[in-house]
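Asker: Start from the sequences and build out the full structure, keeping to the hints where you can.
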Amino acid sequence: MNHRMHAWSGAGIAGLALTLAACSGSAVSAAGGDGEATGESVDEVLIGALHPLTGSNAADGQQMANAAQLAVDAVNEAGGIESLGGADLVLEAADTQGTPETGQSEATRLIEDGAVALVGTFQSGTSANVASVAERNQVPFVMDVSALDEILEQGYEYSFRLQPNASLMGEQGAAALAALAEDSGTPVDQVAFLYEQGNYGAAVYEGFQAAADEAGITVDPVISYDATAVSDMTTQISQVAASGADVLAVAGYYRDSLLAAQAVDTVQPDLQAVFGVANGAYDQPAFVTDAPGGGEGYFDANYHWDVTNPDAVALAELYEETYGEPIRTSAVLTYDAVMVVARAIEEAGSTDPAAIRDAIAETDYEPLVVSEGPVQFDETGQNTNAGIVVMQVQDAAITQVFPNELAEAEYRFPAGPAAP
Amino acid sequence: MTTTLPATDTSPPGARTAPRLSEKSRVLLVTGAVLLVVAVVAGLRAGSGAVLTQALVTGVLTGGIYSLVAMGLTLIYGVLHIINFANGSLVALALYLTLICVQDLGMHPYVALVVVMPAMFALGALLQATLLNPVMKAPIQIQLLITIGLALAIENGLLLAFGPNPRSVALPGNTGVQVLGATVELSRIWAFAGALVIVALLALLLQRTRVGTEIRAVAANPEGARLVGIDIRWIYVLTFGLGAMAAGAAGVLVSPFTTIEPTTGAVFNLTAFVVVVLGGMGNVPGALVGGLVVGLTEQLAGLILPTQSPLLAVFVVFLVVLFVRPRGVFGRSA
Chain F
-9 MNHRMHAWSG
1 AGIAGLALTL
11 AACSGSAVSA
21 AGGDGEATGE
31 SVDEVLIGAL
41 HPLTGSNAAD
51 GQQMANAAQL
61 AVDAVNEAGG
71 IESLGGADLV
81 LEAADTQGTP
91 ETGQSEATRL
101 IEDGAVALVG
111 TFQSGTSANV
121 ASVAERNQVP
131 FVMDVSALDE
141 ILEQGYEYSF
151 RLQPNASLMG
161 EQGAAALAAL
171 AEDSGTPVDQ
181 VAFLYEQGNY
191 GAAVYEGFQA
201 AADEAGITVD
211 PVISYDATAV
221 SDMTTQISQV
231 AASGADVLAV
241 AGYYRDSLLA
251 AQAVDTVQPD
261 LQAVFGVANG
271 AYDQPAFVTD
281 APGGGEGYFD
291 ANYHWDVTNP
301 DAVALAELYE
311 ETYGEPIRTS
321 AVLTYDAVMV
331 VARAIEEAGS
341 TDPAAIRDAI
351 AETDYEPLVV
361 SEGPVQFDET
371 GQNTNAGIVV
381 MQVQDAAITQ
391 VFPNELAEAE
401 YRFPAGPAAP
Chain S
-18 MTTTLPATDT
-8 SPPGARTAPR
2 LSEKSRVLLV
12 TGAVLLVVAV
22 VAGLRAGSGA
32 VLTQALVTGV
42 LTGGIYSLVA
52 MGLTLIYGVL
62 HIINFANGSL
72 VALALYLTLI
82 CVQDLGMHPY
92 VALVVVMPAM
102 FALGALLQAT
112 LLNPVMKAPI
122 QIQLLITIGL
132 ALAIENGLLL
142 AFGPNPRSVA
152 LPGNTGVQVL
162 GATVELSRIW
172 AFAGALVIVA
182 LLALLLQRTR
192 VGTEIRAVAA
202 NPEGARLVGI
212 DIRWIYVLTF
222 GLGAMAAGAA
232 GVLVSPFTTI
242 EPTTGAVFNL
252 TAFVVVVLGG
262 MGNVPGALVG
272 GLVVGLTEQL
282 AGLILPTQSP
292 LLAVFVVFLV
302 VLFVRPRGVF
312 GRSA
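Order-wise, the sequence lines are chains F and S.
The first sequence begins at -9 in this note's numbering and counts up by one.
The second sequence begins at -18 in this note's numbering and counts up by one.
By construction, these hints were calculated from the structure, which means they are not laboratory data.
Note that beta-carbon positions come from the ideal geometry of N, C-alpha and C, so glycine has one too.
Treat each hint with caution, since some may be false.
Here are some chain S residues pointing at chain F (derived, C-beta under 10 Å) [said to hold, decoys possible]:
(1) A27
(2) T34
(3) L80
(4) I81
(5) E136
(6) L140
(7) T239
(8) V248
(9) E279
(10) P291
Answerer: Spelled out as structure tokens, the structure:
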């Protein structure tokens, strides 16, 4: 008894120590000073990149830091920032460790080091903290990946987001599914929706539900799960099978979406297709090796680098040559984010963060990700031309299939797990 | 679940007239009865017998896997009174060892047990001998911090060595099979069977062998054990080795259906702590029951409250159990 009491009070102490450490981290940043750079005769312009280089999102984080470096190299090889006398861009890549507190203190540190703009951070919670630091210090912050709608609902003037937010991806996903079904002549009346219950999955679901209602598609059953703890999805997929839904839509991260695919393979529900919505697995090269049957026929409606754009293809080739693995879309978004910042510095002809912020707000950069036009930020900082594309695993490759003008190959629908 | 059902049927007449059931079987009866009621409610909510059976079968199987992961944790706590925060990381390490065995050495995933279990035993013994034995008399938080540090070191070592990309191990001939009308992946059945075997072996070792008696003696009273001539430092080394070996076996057995990432251990950690406390800290068979309770609660709660986190129900059950039985379902340690 005594031993146990000691043990758990010990655990409490350890927890307290961790909390205190976290608190002091944010206290430092709260006290962080103004990092305004002076614009006279510069040789170098510092940009900060904040990504999770360790922890459970390190796979994306490391790719994104690599892509930021490639973007900086590209700008410097093309002569640097000409309006500043050919000044070199310098990238400082910081590790958020996947936690908002570290992201916040690293953002403060980068600004104190003289960063004139920040890009990042892959995780919405971290981005929300970085956005508040950026606002307080009046340094522009361009989000590459961070889906949470609320980040840009705070009236921030210094934060911008390239990717579509979560609810928009849900809406566009439902619209794309309806359009694809109509185009194929196979009607979809009922969709089962499986989503991770965090803010990302829930927002995607709400967007999807709204747009599905409009398209006359019934969404039932709706099943959520805890992405951090789930270890088996067989029951959920059995529920889907029993419901008689035509299509299973999944909004989840990599590991849990893969579990869903494994359960679909086990249960073999009678579905026309499994359709990822902003899914973290079904458009990843690793999914093709990990999933039963190579994940053949799986769809994902998500942001994606545009395989029909020669510049994007060149970047993908350069990336694979340099780092030995296929580039992820998250990394292409980082590349775009750094390019937006670089263009803005060029336009502003200054290292004053406020001037750079104004130039970012006016940008018309043509992104390498699928988009409905050049990057255009609305007054909240959201890129209104951010878009999605539908991909499908075909012959062990992630293939853009819909809308037809962006298609590399024709979609296969129905493509149920039972169908070959 | 299925094993407790017959017992529940006979309970109403037996409960009063019998000369007082042992505490253990009373606890099992109550647990079984509660689960039965919950299962009926879940079945009504789901409106489909097939879905309910699926949930029950999946609950039992995942529960077995939870107990498997928790086994090493509870053993180490029971004897060393160290809460091993590195348990999940040890499972992750075992997953990567399995990956090497399968991908680079071309072994069948389950044959990897022969390599991974001894390797993990050796590592666990080494960790105890070098890192933890010197601080066994130090305040408890020192040992806690060492295991937390160990967890971070293993996790980031794996990140450094293998990179952040998710990996997987394929089990040849792994398909879905029918069990009592539910569909189950073959690999999960094997993992469940493996969990049972390992619990049985550990229980046998603890109850029937001389070294097991020594381990229990050290768990009960280290000073007394030392006085009768047991080398308690050696027992500590042995126990940590066994705990790490259990984590190793868990890693191999879950490898066919787990995404292998450096941080995979974290997925198992939280559930494992709940399982251990539910079953009674340090109680090896208790961990099995705790695992089954958590597995079934998760699945049935998913049916009853479809939009809530299954973890919510798990923690409600957890709190109720702690309130009613502060020392876990089975109380005292092995």
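Asker: It remains to establish, for every hint, whether it holds in the given structure.
Answerer: Now for the hints, and whether the structure bears them out:
1. Given the 10 Å rule on beta carbons, the hint for A27 (chain S) holds: about 7 Å separates it from the nearest Cβ of chain F.
2. Given hint, T34 (chain S) at the interface with chain F, holds; its Cβ is 9 Å from that chain's nearest Cβ, closer than 10 Å.
3. Checking L80 (chain S) against chain F by beta carbon gives a least distance of about 12 Å; that is not within 10 Å, so the hint is violated.
4. For I81 (chain S), the suggested interface contact is broken, since its CB lies about 17 Å from the closest CB of chain F, more than 10 Å.
5. The interface hint given for E136 (chain S) holds, since its Cβ lies 8 Å from the closest Cβ of chain F, which is under the 10 Å cut-off.
6. Of the supplied interface hints, the one on L140 (chain S) holds, with its beta-carbon coming within about 6 Å of a beta-carbon of chain F, less than 10 Å.
7. Contact between T239 (chain S) and chain F, as hinted, is supported at the beta carbon level, the nearest pair being about 8 Å apart and thus within 10 Å.
8. Taking 10 Å as the C-beta contact cut-off toward chain F, the hint placing V248 (chain S) at the interface holds, the least distance being around 7 Å.
9. The beta carbon of E279 (chain S) comes within 8 Å of a beta carbon in chain F, closer than 10 Å, and the hint placing it at the interface holds.
10. Hint on P291 (chain S) holds. Least Cβ distance to chain F is approximately 6 Å, under the 10 Å limit.
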